[in-house]
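**Q** Here's the letter readout for the chains.
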Amino acid sequence: MWKGWDKAMKQVYICTDTMTGLGSALYDAWKESRDKEAGIELRGKVQQQLFCEYKTVVECEDKAVKIAGMIKRHLGYNAYWDICNALLSDDSAKGEAVFHAMQEARRIPDSRKIMEHLGHPDVAKVFELSRRVSNEAHRYKEFIRFRELKNGVLFSEISPRTQILTCIAEHFSNRFPLENWMICDKTHGISLVHPARDKCRLVWGVELNPEAAGAVSDAEEAYETLWRVFFESISIKERENPGLQRNMLPLRYRGDMPEFWTDRSES
Amino acid sequence: MSDEIMQRVQSRAMDTMKNIKDSIQCGTKHIVQTGSAGRKNVYEKLRILSDAAKYDVACTSSGVDRKGDGTGMGNCSSAGICHSFSADGRCISLLKILYTNECIFDCKYCVNRSSNDVERTSFTPEEVCSLTMEFYRRNYIEGLFLSSGILKSPDYTMEQIYATLYRLRHVCNFQGYIHVKAIPGADPRLIQMTGYLADRMSVNMELPTAESLRLLAPHKSRKNILAPMRMVQEKTKENRQEITVYRNAPRFVPAGQSTQMIIGATPETDYQILNVAEALYKKFELKRVFYSAFVPVNEDKALPALKESGPPLLREHRLYQADWLLRFYHFEAEELLDEENPNFNIFLDPKCCWALKHLDQFPVEVNRADHRMLLRVPGIGYKSASRIVKARRMGNLRFEDLKKMGVVLKRALYFLTCQGKMMYPTRMDEDYITRNLLNTKERLPEGADGMTYRQMSLFDDMNFTMQAGNSPAKGPGLHVERMG
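Line order of the protein sequences matches chains A and B.
Positions in the first sequence are counted from 1; adding 1311 to them yields my numbering.
Positions in the second sequence are counted from 1; adding 1310 to them yields my numbering.
There may be inaccurate statements among the hints.
A short, non-exhaustive set of chain A residues, derived as facing chain B with CB atoms under 8 Å [unchecked claim]:
{"hint": "1", "residue": "HIS1428"}
{"hint": "2", "residue": "LYS1452"}
{"hint": "3", "residue": "GLU1453"}
{"hint": "4", "residue": "ARG1458"}
{"hint": "5", "residue": "LEU1465"}
{"hint": "6", "residue": "PHE1487"}
{"hint": "7", "residue": "TYR1534"}
{"hint": "8", "residue": "LEU1537"}
{"hint": "9", "residue": "PHE1542"}
{"hint": "10", "residue": "SER1546"}
{"hint": "11", "residue": "LEU1555"}
{"hint": "12", "residue": "GLN1556"}
{"hint": "13", "residue": "MET1568"}
Quick caveat, the hints were computed from the structure, so don't treat them as lab data.
This one's a predicted model, so the numbers in the text were calculated from it and none came from an experiment.
All residues carry an ideal CB built from backbone N, CA and C; glycine is no exception.
Here chain A stands alone, though its shape is the one from the complex (with noise of 0.2 Å):
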């Protein structure tokens, strides 16, 4: 056998879709093969391919931590988080445009702004990835509608397409501090919980209860209707524009949104 074969190989890193995961894998590509050509892969999307070889990254939170520090430490605050927005989208190439665009950073001579060197094609896909997520993660900071439930916790139910939670923890953090809330995403199962005074935690794997989650409190319809009247006094008819509406609104949002509820309303 050619004895060279091993170093024509890829190397293709298989982990899953959390932080931890790709973390953890980025953390072994730097430190096995960050002079060479590596992929990073999401477990069950992977395509194989030839002269490859695949390794599934063993997972723990004490790698993620440390990419994450010298991600911060050589590549800045902002980089790392346009980083960590790209990691958290719905691409699964994710993990290997923040890989080459790491490796691209140590040949710039400022590491520090690799964000800026958007003519590199990686970069410019980490760039594009994280504007992907904040621009989401802005859009539910405008869209999220919380219900108050019977026990006065306040409520919402979002499917975002990326994992969006822990970009607007902080924002909700601190508008409601004293309040009791809950975001559930429902495309990926994360739920955001926030008791009252206290800081805001992400649960994985908990099944919601749609019994509990319906019980709304008594003033709830009545500030669900006061605010569709509302909605519909402040609309201009002469300025009707539909189309613009929905350029700014898009339809997939309005499910979650009380005033979109025409049947609702009515029954």
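Assemble chain B onto chain A, guided by the hints.
**A** This is chain B only, laid out in the frame that chain A set:
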């Protein structure tokens, strides 16, 4: 004289305090649970008073960054957050309501003028506070926009507004955004006290010239409008100094002030309007000037009849575009319009128009042109210009890279070179570029794919420009975007 005012303010302040105490004693129970009679009232009031407030276009929650301190509810983000979009496509950011739609003034263009027979009602401070807090908790809104008709007198109205804001800030401990109207003619001290509770304050110009104001708003005068504006400006300046000395001094109108002008009710040209706006930005340090396409709600001989063509939305849109050019792109009103061309072109946006008239300055080289010049290229926005400036330090940029950075190449390609080359072979000819820019669908310029012929049409003469004022706004594929 000043003693008398002082006494009046003090006695009013006592009343205000009493009001506040009363409403505290009412308890903080939900307003909607106060019996069936009360219940209907709140729905009706909200319908009437939000319907009456909708013609005020300012609905931004921007300009101030404030974290919650952990003891109440709410924070502010300087970019502003829109929480919904109504059927007319405008954003809903604040709970926009009037305190009352009773009014002693008789402005011709206003639904609430005293000579109109409309249903009149008023909120109580408690109702406004409960609505704001409960909507805010559910993340429906970003804060409160409180305007008002003139009930009894300007002073009395301002006092009611102050009482509401006081309750909201100090009883409900609300730390979100508050936009409040300064009532023209109210006691400056009341306005000042209110300013310490609000984030943004606005006095509406309504009409760009004193003459139109006299015609359509007989109870308002330019002096009455500009005086509180100047006062807020000076107080803000003072406050800035206080804050540098005492870090925790209370903030006075931290998000600045704004105003609004009605477009199309009076015969002013775009050039006049834009000049007024520029003066307001420069001399009064306003944060925003809003333009509101005139919607005829009253039949009046002093008002134009616009029923068939609808409100002048395209004109309003062009004014907003020009407004952006003034505030972010270092343009001057004089550059965009002049006495001979006092109105905007309805087919092309103001920046394209400017570029077409100054083709001698184009094309510019992306990899070398300074930031200011990049900002003047059609298709390059504020963000993409700064991205270009940063990215080109790392290496030469190509057209593909520009596209990824968010440059709109279908407009920019006529005005740019990358490393000395244009994207396609194009002519630096005004007619040619105009014709291509008017092809709203993304399309290669003629000749780029080797084809140099095209179908002739009777309507090919693009040298003509229609005046915005006297023609219906129906260009090829024109549509009005939101800029606010």
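**Q** Can you give the numbers of the hints that this structure goes against, from lowest to highest?
**A** none
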